[in-house]
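Asks: Chains W and Z, in that order, are what the protein sequence lines are.
So the first sequence is numbered by the working numbering: it starts at 3 and just counts up by one.
So the second sequence is numbered by the working numbering: it starts at 478 and just counts up by one.
Take these hints with a grain of salt, some might be off.
[Stated by the list, open to error] Footprint (simulated), chain Z over chain W, 3 or more residues, beta carbon under 8 Å:
hint, segment
1, 249-255
2, 276-286
3, 298-305
[Unchecked claim] Where chain Z lies over chain W, by a calculated footprint (3+ residues, C-beta under 8 Å):
hint, segment
4, 35-46
5, 467-474
Rather than coming from a laboratory, the hints here were simulated on the basis of the structure.
Owing to the predicted nature of the structure, the values given are computational and were not obtained by experimental measurement.
We put the CB at the ideal spot given by N, CA and C, even for glycine.
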Amino acid sequence: MTKQVVPLDRVIIRFAGDSGDGMQLTGDRFTSETATFGNDLSTLPNFPAEIRAPAGTLAGVSSFQLHFASRDIMTPGDAPNVLVAMNPAALKANIADVPRGGSIIVNTDEFTKRALQKVGYESNPIEDGSLDSFHVHPIALTSMTVEALKEFDVSKKDAERSKNMFALGLLCWLYNRPTDGTVEFLNQKFGKKPDILAANLAAFKAGHAFGETTEDFAVSYEVKPAPMDAGTYRNITGNTALSYGLIAAGELSGLPVYLGAYPITPASDILHELSKHKQFGVVTFQAEDEIAGIGAALGASFGGALAITTTSGPGIALKSETIGLAVSMELPLVVIDIQRGGPSTGLPTKTEQSDLLQAMFGRNGEAPVPVVAPRSPVDCFDAAIEACRIATKYRTPVFLLSDGYLANGSEPWALPNVEDLPDLHVDFSTEPNHTLADGTEVFWPFKRDPETLARPWAVPGTAGLEHRLGGIEKADGSGNISYDPANHDFMVRIRQAKVDGIANDIEPLEVDDPTGDADVLVLGWGSTYGPIGAGCRRVRESGLKVAQAHFRHVNPFPANTEEVLKRYKKVLIPEMNLGQLVMLVRSKYLVDAISYNQVRGLPFKAEELAGVIEDVIKSV
Amino acid sequence: MSETSQFPSLALVPSADGPQSAKEFKSDQEVRWCPGCGDYAILAAVQGFMPELGLKRENIVWVSGIGCSSRFPYYMNTFGLHTIHGRAPAIATGLSTSRADLSVWVVTGDGDALSIGGNHLIHAMRRNVNLKILLFNNRIYGLTKGQYSPTSEQGKVTKSTPMGSLDYPFNPVSLALGAEATFVARTMDSDRQHLTSVLRAAAEHDGTALVEIYQNCPIFNDGAFDALKDGDEKEQHIIRLEHGQPITFGRERENGVIRAADGSIQVAAVAEVGLDNVLVHDAHAADPGLAFALSRLSNPDNLDQTPMGIFRSIERPTYDTLLRDQVAKSKASGKADLAALIAGNDTWTIN
Chain W
3 MTKQVVPLDR
13 VIIRFAGDSG
23 DGMQLTGDRF
33 TSETATFGND
43 LSTLPNFPAE
53 IRAPAGTLAG
63 VSSFQLHFAS
73 RDIMTPGDAP
83 NVLVAMNPAA
93 LKANIADVPR
103 GGSIIVNTDE
113 FTKRALQKVG
123 YESNPIEDGS
133 LDSFHVHPIA
143 LTSMTVEALK
153 EFDVSKKDAE
163 RSKNMFALGL
173 LCWLYNRPTD
183 GTVEFLNQKF
193 GKKPDILAAN
203 LAAFKAGHAF
213 GETTEDFAVS
223 YEVKPAPMDA
233 GTYRNITGNT
243 ALSYGLIAAG
253 ELSGLPVYLG
263 AYPITPASDI
273 LHELSKHKQF
283 GVVTFQAEDE
293 IAGIGAALGA
303 SFGGALAITT
313 TSGPGIALKS
323 ETIGLAVSME
333 LPLVVIDIQR
343 GGPSTGLPTK
353 TEQSDLLQAM
363 FGRNGEAPVP
373 VVAPRSPVDC
383 FDAAIEACRI
393 ATKYRTPVFL
403 LSDGYLANGS
413 EPWALPNVED
423 LPDLHVDFST
433 EPNHTLADGT
443 EVFWPFKRDP
453 ETLARPWAVP
463 GTAGLEHRLG
473 GIEKADGSGN
483 ISYDPANHDF
493 MVRIRQAKVD
503 GIANDIEPLE
513 VDDPTGDADV
523 LVLGWGSTYG
533 PIGAGCRRVR
543 ESGLKVAQAH
553 FRHVNPFPAN
563 TEEVLKRYKK
573 VLIPEMNLGQ
583 LVMLVRSKYL
593 VDAISYNQVR
603 GLPFKAEELA
613 GVIEDVIKSV
Chain Z
478 MSETSQFPSL
488 ALVPSADGPQ
498 SAKEFKSDQE
508 VRWCPGCGDY
518 AILAAVQGFM
528 PELGLKRENI
538 VWVSGIGCSS
548 RFPYYMNTFG
558 LHTIHGRAPA
568 IATGLSTSRA
578 DLSVWVVTGD
588 GDALSIGGNH
598 LIHAMRRNVN
608 LKILLFNNRI
618 YGLTKGQYSP
628 TSEQGKVTKS
638 TPMGSLDYPF
648 NPVSLALGAE
658 ATFVARTMDS
668 DRQHLTSVLR
678 AAAEHDGTAL
688 VEIYQNCPIF
698 NDGAFDALKD
708 GDEKEQHIIR
718 LEHGQPITFG
728 RERENGVIRA
738 ADGSIQVAAV
748 AEVGLDNVLV
758 HDAHAADPGL
768 AFALSRLSNP
778 DNLDQTPMGI
788 FRSIERPTYD
798 TLLRDQVAKS
808 KASGKADLAA
818 LIAGNDTWTI
828 N
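Given the sequences, and given the hints that come with them, work out the whole structure.
Replies: The following block contains the structure:
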């Protein structure tokens with residue numbers, strides 16, 4: 003008997019369990035099947051900093067939220083329609099986010115007296131009526147998995163560990179997801195351990211079959227593929243896209259990529275990814291500390307490499323002095339900060355946008371550094387190329403400010419045509435560029451290009467161009483040590499002018515103002531693009547007018563920024579910090595921008611932003 | 478491609494087209510150390526030695542941190558980087574590992590290398606990056622005007638330690654040996670011949686070479702090494718290490734280093750123990766034990782029994798070579814296809 007299939011426009015599922023329950027893997031697999039099916043999607047992994055936090059505790063809950071739809075979507079969703087709770091802790095930690103009427107699938111095997119007590123449940127919520135306003139599906143996931151695997155030569159522990167595959171199978175049935183990809187994935191992952199492979203496949207199939215047969219699920223659901231532009235797609239996380247952007251920039255510039263890095267959450271995956279692609283000539287150097295990571299990168303830059311360093315906020319603090327040296331030496335260097343909650347160690351696995359002012363000003367002296375910020379996981383690819391373009395063209399360190407939300411979140415990516423990517427070709431100096439009064443031809447390392455104000459890049463091995471670079475102030479032109487007051491004043495100003503001038507070499511600030519007569523502009527930067535966009539969409543759907551603009555370049559701002567800002571009666575700037583962009587915008591443009599902030603380690607919710615936007619619109 | 482150097486460590490660095498002179502290695506910058514500074518002698522010795530390497534000048538890079546000695550690159554007519562305090566080994570590592578065709582030299586001091594930059598120094602040595610590190614040790618902070626350094630003798634009275642310093646000093650040679658360095662030597666600013674011979678050996682060495690150079694600071698620590706310089710006295714204090722030779726010292730080579738019954742090494746009169754019982758120096762020994770024991774012989778207070786020369790020089794693959802091999806191996810697989818990388822293995826197409 004085939005059950006009824008109910009069509010839906012969009013669904014938000016949250017898988018939640020212990021950090022050892024494999025929730026990230028389960029979420030990844032479901033995402034992959036969903037991507038292949040052709041839905042638009044967006045994901046939000048959320049996990050503790052502890053690798054294996056004490057089992058069954060609230061602190062150890064790991065979750066993965068997936069939003070998929072038959073139309074285009076911008077966020078991983080505010081509230082899950084379905085919560086899969088593998089234990090009482092997962093239920094307790096997530097129940098507040100599930101709206102009344104939502105579905106909850108619980109693994110009843112884990113709802114023991116002890117497990118309940120551990121998280122402060124005095125009675126079993128599955129039985130005491132406290133979940134009456136939800137659709138609860140109590141399923142003995144663990145014991146059914148063990149039962150399904152009793153014929154297999156695996157330990158009870160291994161059998162129990164396969165319960166996430168049972169849950170995945172069930173959810174795949176429930177939402178009519180394809181299953182081939184997961185079967186293939188398991189074959190690859192456990193190909194060398196046939197017993198484990200067989201157990202996982204069997205658990206997955208058992209979960210699927212359970213959905214088909216149990217009376218607990220009367221219907222299954224279908225979310226039709228979203229209309230998407232023609233093209234070839236894949237699903238990709240921000241950190242992977244960013245890594246590919248760096249490799250692409252190496253190919254486009256003809257320079258070898260050199261990454262100097264020290265492991266730090268949530269940036270380490272870029273080091274992992276790049277280290278796999280040495281066939282492109284990529285060098286990854288895992289340094290003894292953050293300072294050595296950027297130091298090695300800067301040394302490689304002097305040698306003519308496309309130099310990269312990756313880190314998160316605490317690492318930037320350690321790298322600050324070297325970034326200042328790169329500003330002074332005017333060498334290309336891409337500094338990638340995958341922001342996380344701060345200060346200090348803060349919230350290592352949670353997202354935040356609170357390093358903007360550190361990137362802008364966290365150095366001694368006047369040390370301007372361009373700042374580029376991707377707006378989505380996919381955009382990390384293009385933003386990485388753009389950061390490399392600015393760094394090499396202007397011989398300057400460049401900040402690329404991503405964050406934990408973009409780093410680990412994923413979405414479908416319409417693959418770019420490699421031929422359409424920008425040309426980043428770089429010319430090194432090969433000859434003297436200056437004639438002294440006595441007619442001698444010399445090389446002046448600080449004789450600038452009159453248009454870009456960039457200085458020449460002459461690498462060791464170039465005869466006749468031997469020169470010394472240092473952190474001491476240099477004489478304009480010759481680059482010799484200079485303590486002359488007027489020269490220092492000039493050099494400080496010209497370094498600033500060089501960075502300011504980039505404003506004319508970047509795309510203008512685009513405004514999305516469908517009716518063209520909105521009073522309120524919502525302005526953002528970085529990873530808030532999706533939530534702000536979704537918030538604006540809701541506001542517009544309710545009949546109000548609102549405009550949205552989003553910075554990719556935070557330093558310098560695009561040349562038309564002031565003109566855009568002054569077009570609107572009110573400017574609202576939501577940020578996952580206490581108001582850092584708003585400080586820059588207010589001081590630079592004397593605009594009375596309104597700041598809206600949240601630092602909960604999570605992205606904004608569309609509904610929340612919609613409410614804030616509506617309040618501002620009504621106050622005009 | 479021009480000819481390459483006779484030195485294995487510099488085999489990938491192009492050779493000069495013809496003979497060079499010391500003068501060619503002098504930059505047009507005015508040298509600005511204090512009158513009488515030991516750095517002048519080292520600079521002259523280095524500039525005098527460079528032509529011997531026979532490398533293209535443009536393929537030589539001097540990298541330094543911060544401190545008096547770190548001004549060195551400005552005075553060399555090669556490529557150079559004067560960077561930030563303590564970080565020269567890290568920055569030089571990036572340059573050396575990304576450019577096989579360069580001869581990379583690091584100049585540092587006792588504060589730069591052993592205080593603020595201690596971490597980078599030890600990791601460069603354990604990795605065996607192909608760097609030649611010249612550590613100018615004057616046992617004082619010069620550029621910040623006279624505070625004690627991590628090599629100052631305990632009890633040193635300085636501006637920051639009016640009652641005497643409390644720290645026990647580092648022995649840079651012991652430190653380097655403990656950090657798995659493959660080449661460790663000690664020499665002196667005023668002994669140009671010895672200094673040059675050590676520089677030569679360091680240049681020949683494939684991997685990190687750590688050369689401690691005792692260097693006099695005439696302003697803040699004048700005479701710190703007089704015990705090793707005084708014509709009459711010095712032979713009583715210096716133990717000259719020569720590979721394959723018995724370790725003897727003194728005006729008449731009347732003292733020798735022997736292995737005592739408890740396993741330690743000691744100084745004894747050769748006449749009493751017999752030359753056959755004097756230890757023979759083996760810089761190439763795989764076990765760093767004897768080299769380490771020798772480094773412990775000297776008295777940090779009066780420099781009595783100070784070994785000079787090459788403590789250790791062994792072969793171990795350089796980080797640079799191992800890294801290049803991995804890249805070459807990956808490149809040889811011939812799979813550097815950007816479009817294929819971007820697409821990955823899991824795509825779908827919408828028409």
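Asks: Confirm or reject each hint.
Replies: For each hint, the structure was consulted:
1. 249-255: holds (count 3)
2. 276-286: Holds, because 7 residues of the segment 276-286 of chain W bring their Cβ atoms closer than 8 Å to Cβ atoms of chain Z.
3. 298-305: With 8 residues close enough to chain Z, the hint holds.
4. 35-46: It holds: at least three residues are needed, and the segment 35-46 of chain W offers 3 whose Cβ sits within less than 8 Å of chain Z.
5. 467-474: It holds, with 8 qualifying residues against the three required.
The structure meets every hint from the earlier list without exception.
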